[in-house]
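Peer 1: Take the sequences, apply the hints, and build the full model.
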Amino acid sequence: MRKQEQELDWRVGGPQGSGVDTAAGIFARACAIGGLYLFGRREYFSNIKGRHSYYDVRVSHRVVTSHRDTVDLLTTFEAESLIRHALAVVPSGAIIYNANDADVALDRIVFLDSRLREDLTTYLAERDLPPTTAGLLEDAHRRNVLTYAVPYAEISSALAEKLGIPKATASRTLNTVAVAISTALLDYDPQYLVKALEKIFSGRERIINMNIEAVNLAYQFVHAEFDTHEFGFRLTPEKTSERRLLINGHQAVAMGKLAGGMSFQSYYPISPATDESVFLEAHPTFPSRTEGRGLTVVVQTEDELSALAMASGAALTGARSATATSGPGFSLMAEGLGWAGMNEVPVVITLYQRGGPSTGMPTRSEQGDLLFAIFGGHGESPRIVIASGDLMEAFYDAAQAFNYAERYQMPVIHLVDKAMTSMMQVVPVFDLESIKLDRGERYTPTSDQDNGRSPRFAITESGISPRPFLGQPGGKYWMTGVEHTEYGRVTEDPVIREQMMEKRARKLELALREIPPEEKIRIYGYPGSPFTIMSWGSNKGGILDALERLHEDGITARLIQVRLLWPFPVDVIQPQLEQADPLVVVESNYSGQFAALLRQNTGRAADYLVVKYSGRPMSGQALYQAFKAIHKGTSPSRVVLRNPYE
Amino acid sequence: MRKQEQELDWRVGGPQGSGVDTAAGIFARACAIGGLYLFGRREYFSNIKGRHSYYDVRVSHRVVTSHRDTVDLLTTFEAESLIRHALAVVPSGAIIYNANDADVALDRIVFLDSRLREDLTTYLAERDLPPTTAGLLEDAHRRNVLTYAVPYAEISSALAEKLGIPKATASRTLNTVAVAISTALLDYDPQYLVKALEKIFSGRERIINMNIEAVNLAYQFVHAEFDTHEFGFRLTPEKTSERRLLINGHQAVAMGKLAGGMSFQSYYPISPATDESVFLEAHPTFPSRTEGRGLTVVVQTEDELSALAMASGAALTGARSATATSGPGFSLMAEGLGWAGMNEVPVVITLYQRGGPSTGMPTRSEQGDLLFAIFGGHGESPRIVIASGDLMEAFYDAAQAFNYAERYQMPVIHLVDKAMTSMMQVVPVFDLESIKLDRGERYTPTSDQDNGRSPRFAITESGISPRPFLGQPGGKYWMTGVEHTEYGRVTEDPVIREQMMEKRARKLELALREIPPEEKIRIYGYPGSPFTIMSWGSNKGGILDALERLHEDGITARLIQVRLLWPFPVDVIQPQLEQADPLVVVESNYSGQFAALLRQNTGRAADYLVVKYSGRPMSGQALYQAFKAIHKGTSPSRVVLRNPYE
Amino acid sequence: MTVTAQAKSRITAKDYRTEYPIDWCPGCGDYGILNALQQALARLGIPPHKTAIFGGIGCSGKTPYHLNAYGIHTLHGRVLPYATGAKLANPELTVVAISGDGDGLAIGAGHFVNSGRRNVNLTYILHNNEVYGLTKGQAAPTLPLGMKTRSQPEPNIQSQVHSLLLAFASGFTWIGRGYAYNVRQLIDLIQQAITHPGLAYLEVLQPCPTYNDLHTREWFAERVYSLQDEGYDPLVPEDADEAYVEAKTCQYLEKAFEWNERIPTGVFLQNLSVPSFEARIANRTPIYKTLPPARRIIADETGHTATDLSEIFDELAMT
Amino acid sequence: MTVTAQAKSRITAKDYRTEYPIDWCPGCGDYGILNALQQALARLGIPPHKTAIFGGIGCSGKTPYHLNAYGIHTLHGRVLPYATGAKLANPELTVVAISGDGDGLAIGAGHFVNSGRRNVNLTYILHNNEVYGLTKGQAAPTLPLGMKTRSQPEPNIQSQVHSLLLAFASGFTWIGRGYAYNVRQLIDLIQQAITHPGLAYLEVLQPCPTYNDLHTREWFAERVYSLQDEGYDPLVPEDADEAYVEAKTCQYLEKAFEWNERIPTGVFLQNLSVPSFEARIANRTPIYKTLPPARRIIADETGHTATDLSEIFDELAMT
Ligand SMILES: Cc1ncc(C[n+]2csc(CCOP(=O)(O)OP(=O)(O)O)c2C)c(N)n1
Ligand SMILES: Cc1ncc(C[n+]2csc(CCOP(=O)(O)OP(=O)(O)O)c2C)c(N)n1
Ligand code: SF4
Ligand code: SF4
Ligand SMILES: [Mg+2]
Ligand SMILES: [Mg+2]
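Protein chains in written order, with the numbering used here: chain A, 752 to 1397; chain B, 752 to 1397; chain C, 25 to 343; chain D, 25 to 343.
Note that these hints are calculated values from the structure, not bench results. Note that CB positions come from ideal geometry on N, CA and C, so glycine has one too. It is possible that part of the hints are untrue.
Unchecked claim - Computed Cβ-Cβ distance ranges for the label pairs, DEER-style:
1) Phe337(C) / His812(A): 20 to 26 angstroms
2) Arg1389(A) / Pro1179(B): 46 to 52 angstroms
3) Glu242(D) / His974(A): 43 to 49 angstroms
4) Ser1213(A) / Gly768(B): 40 to 46 angstroms
5) Ser1213(A) / His892(B): 28 to 34 angstroms
6) Tyr44(C) / His892(B): 33 to 39 angstroms
7) Leu914(B) / Tyr268(D): 52 to 58 angstroms
8) Glu270(D) / Lys946(B): 55 to 61 angstroms
9) Glu1184(A) / Thr1385(B): 54 to 60 angstroms
10) Tyr249(D) / Arg957(A): 37 to 43 angstroms
11) Lys946(B) / Ser297(D): 33 to 39 angstroms
12) Glu1212(B) / Asp237(D): 49 to 55 angstroms
13) Val861(A) / Glu242(D): 48 to 54 angstroms
14) His812(A) / Glu242(D): 52 to 58 angstroms
Said to hold, decoys possible - Non-contacting residues of chain B with respect to chain D, defined by C-beta distances greater than 10 angstroms in every case (computed):
15) Ile958
16) Thr991
17) Pro1326
Peer 2: As structure tokens, then:
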């Protein structure tokens, strides 16, 4: 790690389908097993094979909560990654590249976006360098970046020879070799790599052994060929007795759902939501503290119209039930959302926001669905919208969503995003003890007379009507998306209509009264500071990073993270606004949707709006710069964070 | 007409499918042909046969723009209508009822909502009257309402005898008889009825003659049996040389679309939008001022997903293309809306708002889809949202919508509602001369080389990229809902992404700059008055009525009618706000969606919010009361207009 | 569906009736279907609270209001997914889904096709009246090309979807056709459809006297006949081999295409060779049989989650 | 589609190619289909600017990017409605719609079925790879029950939809099947499909080497054969009588069901007895032939509307 800062920004890139994920997985696990904290971030194209993807792993001895735009150690094995990322490497950082790629023309990289090619060509031309990898490497030298050429093919050959296996087989360890070159340069004990390999390829002995051999060869190569002292970063393990998990966002949500008692999930495949359902499918049963095992039925439906309908149908039976989707799928759920609101169905929708609108940028991130989640669907239908800021929250919120759904009998939309689902973090093992389930008001028939009917939509002061489960004796009801009476029968009576609209609205008021303040907003940094940053969702990590750096500069600021987005927690937000000066809203979309929502509900406009809409998450670095300028008074009121090299 | 006020509120009610529509149509036409102005309003259940429906026709010598909650002359031929509406009749007004229904118990009316039955029973009990039609008639007498018992069966028999036709056939004139009894009581020349019958049953001589005979018998009956002088209202024709149409909302929109050059419409049946498409289907071709005849292809699709997709596909070819739907259908269009925004497709969506959420109240009115129209669909996708306030506007706006769509190359949502589509009004014939078509920037290839490709999404200062039509030589392009380059190719480049988001957003800014102020807002009443009412859509008529009555009381007020809802015309609205005191927002929904939008965009919250969400439109009367109380300072800040008898 | 003999004896059609007024038009075929459904459920002895009737949107979709069971009026076109969710979460329920032909074959056609792939043990009744009743008589996907009913200004410009063929192509394992005015047969068909251990498709020819003046009660009366009366055997047994299935298929298709002169009703197909979705789930995860989603015990007495994630934590733990 | 002999002679497959890199996996069946499509369009002599290729969402849906024609990448499942709108508004266009099997038979199944009812003169090519390629290998509706590809954790729990049968039940008037690696045959099939005056359904067996390790190039190679090579005649002539249609139907179904041992490819059905939607419109309103929606002259030289509403005003005028 950077000796001064006790941390390292490592990046690996390569074509989709070539195992970059695996490489990052090995590296991250090796770090985590070594007792280190880390923050991982993945960028990839909407493509199966061939296009570029890369992984950032930021490793530290302390908790880290966002990525950086800069790289300390760049690991590549083909030319495109070298070209795309060379400029991101900091002085005294290093680049590992394939010896064969020392002089590849930018023109030869078919999938290089022409805008990027032109920019790089200009950059190099301005420095009298050719538009080739050679030019970039020379530029790196000039910027005091170290470069290490690795003859991957030779290492593969050596491996093939040593193990008596075909070269093609041996070359499948390319990723492992690349990672091992990195860790060798960082002087990291190879045993952690070995443990990581054993975890990843668990059960597949031959593969493990081959990869371990590859690690050995890589270490030998580095020690033989490179002067590792020249490179100033080191990775040193740390002892810990704490039990920690290495997870990403969809795993956090999936586990949260299981902990929250979910037993039914329907979904239609869509990036980046699919992974959650696939994880659930892979864990259909699990132990239970009460009896036997728990079961989740996961159904792949024909579309998202069906997914929400099916989850709603299941929810009527008392099963805690959910669906997970992304923007396009959520658009198709608009009608079903209204039905669930109208029929007071406790169903959870996990919405993995991605770049929009339309098909947009399926594998990039955005916080573009906030106002749609709140106002989506014709007419006025109640819902609760919550947003998690990090993986710990994602877990607990996923569980909590079902409590809200059942207590307030309405759909709950849990907002996460692509950045969060593909984010990787080391977290302490989740505390299941802390999770309580609130099933809301259940209907108990006055007699268990089979032929009794229940006033499913009884008009009450709280707005909540005790709920029977489908199949419950004495609980029979009607239910309809049409305006209805207490017994669920269609009505067009103007008075009943009014009462029902009011009853449904009262539930939102109740939720606003009951939900504790810390579930509504959380305040970080200096609560008393006027310098107020307000944000929601996955920007949290970057902002916390930036707050720390501001603090190092002697600037105090606070983050108000809004977690309950609807009903809008005006009760806890309004009192915070007076002190806010300046009020800076940060979000990952074009128009500033949260800022609009804030003004709509409090009248207060943001003084500064910091946005990013390139489809990539905000780094703590970039936010720090933005806040710094705001603090200095040199910032325009609308700040767009841009990074042309992501 | 009420002698003092030169106007009459006439109501006819009866079971769905029994011809109440026809009755109202005859009456309204008879009035319109007589040179009178009128305002019609229809209320009916979501049902084919048997449930109650009624029609209000307010007739006047001046233009009238809303209904009243009270009735001067109630025409009924069965007990349910008598029961539902007796209380609405004003002192010195009259009730016409079937002699057979003089003593029917409320309990016997199967479709009477139990809430209403209970309320009426209580009302009668408090007055020591029985829960029967007899009780209601007695109450009418006490309230100085005249009642006329008509032996409909006898009149039918007489008719059958006279014409030598079966009684069943003769009884089909029931509606005509009921109307004729009314007009006879009003001393209206039967020739207008005859003309109306000829228009309605045009070409069907036998039916016309039978109905004319029925009219004669009804007039004879009234003159023989009733003292018509006792009833103080009169209907007197007025000469006019102006050419006037009797239309309702869907006809206005359909004609506007034709005038706007539409040649393709797709739709899926849904109340209350279907009527527009049916009207278009019935008029597939029409004369053209340039050559031959014009043609509209109307396609009934399998659902609304398909309807918007098909209209968008057609729009690519240069055909002006639209779809018409209501809330549930619009919910299904959320994804397609984003696609059209992303691909800059000029497509028009006419959204007939109805009671929501979910299936809601299919045949009742609401302004519940405003925020959804603006923020609907995942991600941030441009669109223009306009709302018409009356039938004249509905016509011109329907035409104008295509101009906006093509000029700014984005979907245009034209908001109307159920109240407006079923509203009936006498209007001067539309001025086609005033309609200019703006086709926006067209793409001209530099050469007519077939193999040329066009930069369909060229980044320009205005945001607008010249548009080729599908099939145009030299114009070939790609197009995708994925973020794309100028040539429409998928890209994930962060810089291009930013530029495209900015380009699309610039078009909205351009629209805001270019659209003339009077298309954005219109100000009625006293422009200088601080008492400011702000509203949108079909409430306009009621508010104008109320303004007049306020004026009679010496209270000056102004209406700011917002017609362009998105992009929000903050430029013209903000300057109006300073003077506004109090600021009263009026809308037909629960939450005050426009008020939210206003605050979101200007920071200004409404001082008073006047809403109605029973599914029925606001009357000028009710609004007048509400404004009066606000003016007096006795009003709460949230006012809900309620009428339990609609 | 488990029915005890005792329960059977207790339940009558009256238990399934409600007192509320019905707002279908006089003479509508929907009355007969409702009547048959009430009787069939009663005869099967299913306690009303264990029955969930799902309806689409349309005249037909109002059916659930007239049964004293759990009655869920869903969205236009979506009745099958709602019904599927409920049934899978609580397989003890008897689930009947009801929709119109517009509901099922236009806006709902995607679910129709894909429900066939799942073969969930529920009964789907489609009211074929060839029109969109509740929106005032537009052509439904079942109306043949070129036909013009009273309510249409022009002859139908779209061709017909053949629903029996579609059901077959989609994989429904029980396929039958009833006629709204032959209540006796309909009761029997509904009983069989409910009893069938898989997805049953029952098309009912349902005259709409208000809008459809082509295929009226009179028109049908002289054409409908019962397949079973003529000895047609719809059964594909559990262990049927390929040749058997093929033979049955041909027989099926021949009858499915029959129309105009003579219109077959009755059971066209009863295929026991395809396992239900519930059986497939239970095969993967046997616990489904005893603790399906609706029965999962999710919290202990103190309200704390009953979920134990230790197995997953083991996978993900690094230290 | 009108093609002049002169135009025909000028256009080659090169005119339809683009220079952009393609990001399908190596060995993907999509390449063959793309190649065949470029050649078929060229051979038909259709000028590229008169061609509009619509794609769904999926690996297959990216096809339009690799043709130098108008290329419209639509929404997942909606390719047919978009294509239909364009074709109906401008019948001079040659319209080809392309989608995956998930796109066409899961989320798009409703449009699949209802497009059959319209018989618009366009060509629909469905890439059957039995998986959801672009979302990483989940089962598509074409994957048989119980099969487990490399990418699935468990055997497929849903049954297969039989797409040829579905196309038939839906009313497609031309039905064919090609094989992605038999480009020569595919060119011919696409030409026929485009030339057919109605809605053509061409299913292409498209191996996905990345996710589908069951039905691979090798698996297919020894099974596919050409119907036409064996003398199968798919034609139902314009004036065919009922008996003829019935006989053809049986033949069709027999071949449609054939699978496993031998897999038929080629033209299964070419039904000329059903008029296209365009013909039906023109029949109602003959002006459609000369002034279809895209050609309607809507304004005069001064930009004023060309619409004359006098006929409608006459209906509605009261004074
Ligand atoms: C999304 C949506 N689109 C349209 C409608 C309007 N709608 C209500 S019922 C109906 C059709 C009814 O026809 P069918 O399904 O055949 O049922 P039937 O009335 O004939 O029994 C339609 C289109 C709706 N409720 N929801
Ligand atoms: C509404 C919506 N839901 C889900 C997706 C995600 N998605 C993209 S491609 C795809 C499936 C692709 O499978 P298929 O249609 O078979 O095409 P293939 O990739 O196999 O060619 C899905 C589900 C989407 N784009 N839109
Ligand atoms: S419209 Fe037709 S289907 Fe609907 S209730 Fe009336 S008769 Fe029955
Ligand atoms: S995933 Fe399959 S279908 Fe998609 S490009 Fe790769 S091989 Fe082709
Ligand atoms: Mg129907
Ligand atoms: Mg596929």
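Peer 1: Run through the hints listed earlier and report the numbers of any the structure violates, in increasing order.
Peer 2: 5, 11, 13 and 16
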